[in-house]
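*Asks:* Given next are the chains, with one letter for each unit.
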Amino acid sequence: MARLDIENLVKRYGDFHAVRDVSLSIADGEFLVLLGPSGCGKTTTLRMVAGFIEPTAGRVLLGGQDVTLLPPWKRNAGMVFQSYALFPHLTVAQNVAFGLEMRKIPRADIEKRVEEVLALVRLGGYGGRLPRQLSGGQQQRVALARALAIRPDVLLLDEPLSNLDAKLRQEVRVEIRELQRQLGLTTVMVTHDQEEALTMADRLVVMNEGLVRQVGSQRDLYERPADRFVAGFVGRSTFLVGTVEAPGRFRSNGGLGLACSGGMAGPGVLALRPERVEIGPPIPSGPLSGLDNCLPGTVEFVSYLGALIDIHVRLSTTDRLVVQIANRDGGFAPDVGQSVHVGWPASAGQVFAE
Amino acid sequence: MTSLAVIRRRAGRWALNGAAGVALAYILLPLIFVVWLAFFRQEIPSFPPEGYSLKWFAAILDQRKFVDGFSLSFRVGVLATLTGLVLGVPAALCLVRYNFTLRGPLANLLLMPVVVPGVVLGTAMYVFQVEVENDLDVDVLGTFYALVAGHVVIVIPWVVRLVTASLAGVDRAIEEAAQNLGANAWVTFWRITLPSIRPGIVAGALFGFVTSFGNLEMSLFLVGPGRTTLPIVILQYLEWKIDPTIAAVSVVQILLIGGAMLLTDRYVKLARVV
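First to last, the sequence lines map onto chains A and B. Using the working numbering, the first residue of the first sequence is number 106, and each one after it goes up by one. Using the working numbering, the first residue of the second sequence is number 1494, and each one after it goes up by one.
No lab work stands behind these hints, which were simulated from the structure alone. Possibly wrong hints are sitting among the right ones.
[As the list claims (entries may be wrong)] Computed, partial: chain A to chain B, Cβ under 8 Å: (1) A155; (2) P177; (3) W178; (4) A190; (5) F192; (6) H194; (7) T196; (8) F203; (9) G204; (10) R208; (11) G229; (12) Y231; (13) R251; (14) P387; (15) L410.
Remember, it's a predicted structure, so these values are computed and weren't measured experimentally. Idealized CB from N, CA, C, for every residue including glycine.
Work the whole structure out from these sequences, hints included.
*Replies:* Next up, the structure:
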């Protein structure tokens, strides 16, 4: 295993900037996740690390060695593809052995290593099967075993779980993460699924439009999003559009005067996490009156999610807020059309300049 | 109402099955008659047969021109097919893998020889070979290799078409996976790409060979004295005689080609690529 450094990586296709200027350092044994919507440049970045795409500018260093100009077959990077990309005409064991044969390892050692790796992904005894005789989850594990067999300097995962059903995905997440820790694998994973990113990563990189928007831990991204994009992409936020009148004073376009934390005077948006907002009956002197912001509104939409309930509350003609409450016995659960009060402390609202 | 719908659906199915049956009979009946005819005892084909005999099959071997024609057609077919593969497989790879200007027209051009009437193709080949002969001052027309060259042109469309179809079903990522695991471009091609398009290659070779083997029109222009392919031998024989020998030759041909198809189908499912 080795550290991976990406320095000022750029990829342009004509006028289109797939990746604008990405620099990242991944420590030995670290699990880094590139998170972003489709077309944000995360896969292009990963493919430049693997060597499938030649960067327009910048460098890729693997274990301190510059591999920018090396073809894929001369980089020791193991990749798991979204489609798994198993060789359909080869058995599971032959698939896993392929990379070892390319490294001219003696036959006896190859057989031993193949067995070890298959046992590692709990597929011992499946060596003689063809890929099409396996379930999706098993194929995924073969792909992982094949990448691990070559003892790569870095493990690259390109949306590895997107073809699995929801339940299996949750299991495999944990499995991959445990394996990665156990083997101390330097890993870069690309995903658009934020829940997947949050559960697996040591550190996350949020990308959009070819740029890194924020790098940090789960808590960093959620509690202190760098910009409006991150606030909306990691977790959910309700955005109220308006103006920061003075630091700490926000006025929405719908005319609501709100207390917020910080902010520079000028046009901006106020981002609120749905679970940080409280909701209660419309009594002016109720439990919400102690909060910095306490406003009357009308429930417009309720979605019942089981453990949680989303309540969409209309505050003014242009301002609507989502409140998420836990589904508790005897808890306040308003219906559509009901008048309510919502409230939140100034610290719960984050302001971004527009 | 419900029963009416059931009747209509059943009637629809019957109509479809009936149409398929008629089409199948239309294709198979001539073949069945040819096969039947090959076993007639009398020399002049007339119904009903006076009796049955295998003597016409023995008669094939007595006529050297049938044996020679068969041998020539076979050698031309094999060589033209191999050459067609060497040229057609890379062409199909380029057409599927690379996006370049004139890709569409080039794809059509490569499929053209099966669309152009054989006589037109034969005339064009003939004129071309005469020109080459005049310009280079070497024997071209009527030689074995000139005949093979002509047949390569009618083999290529089959190879390109079937390999292209086969490639479309191959996940591009498997080649990247091979390279990621340490295989260079050449090793990737031989160990990963080629095996995964094998059904297309085998089917393309088979159909290419059959096309070459049965080709009459183009060969008529390209054969030289004393060098005639089986279809031409059959045609020449028919000009003088109508006896069941020709039917017997056809039966042998049908058996050979049918056998080749069945054998191929055991290894690669033709229905999947054609």
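*Asks:* In ascending order, which of the hints set out earlier in this document are inconsistent with the structure?
*Replies:* Failing hints, ascending: 7, 11, 12, 14 and 15.
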